[in-house]
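**Student:** Sequence:
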Amino acid sequence: MGRIKQSAEKLATGLLRRAGVPEAQLYSRMRRTGQGLFLLSIPFIIPLIILDHASLGVTILLQTVYGVLVCLGVLLAFDEQEKPRR
1355 MGRIKQSAEK LATGLLRRAG VPEAQLYSRM RRTGQGLFLL SIPFIIPLII
1405 LDHASLGVTI LLQTVYGVLV CLGVLLAFDE QEKPRR
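To convert, take the position in the sequence shown, counting from 1, and add 1354; that gives this note's numbering.
These are computed hints drawn from the structure, not numbers from a lab.
Since the model is a prediction, treat every value here as computed from it, not as a measurement.
Treat each hint with caution, since some may be false.
[To be verified] With a straight-line Cα cutoff of 16 Å, these simulated EDC-like cross-link-like pairs (lysine to aspartate or glutamate) come out: (1) Lys1364 <-> Asp1406; (2) Lys1359 <-> Asp1433; (3) Lys1364 <-> Glu1377.
Work out the full structure: start from the sequences and follow the hints.
**Tutor:** Right, dumping it as structure tokens:
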């Protein structure tokens, strides 16, 4: 999971740098971007809850987009914190 998280963070910081975000704000903006992606995933799952008879292609597409956005959002928004050793 470490490589996937590093790749996601590298992609996000690269996009934020191109957008003109100062280096001092990259970390906090990357976390907020992850939270935004996590929240953006919600509209992709709601149609599947509401519609009973959606076509298979639409169902697969919505679930895939939802899964990708949730995974990227969680990877970017939350830090892995190690437990202190006793």
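**Student:** Between Lys1364 and Glu1377, is the straight-line Cα distance small enough, at 16 Å or below?
**Tutor:** holds (13 Å)
**Student:** Is the straight-line distance between the alpha-carbon of Lys1364 and that of Asp1406 16 Å or less?
**Tutor:** Violated - the C-alpha atoms of Asp1406 and Lys1364 are around 39 Å apart, more than 16 Å.
**Student:** Lys1359 and Asp1433: Cα distance at most 16 Å?
**Tutor:** holds (10 Å)
In this structure, only the earlier hint numbered 1 is contradicted, and the remaining ones agree with it.
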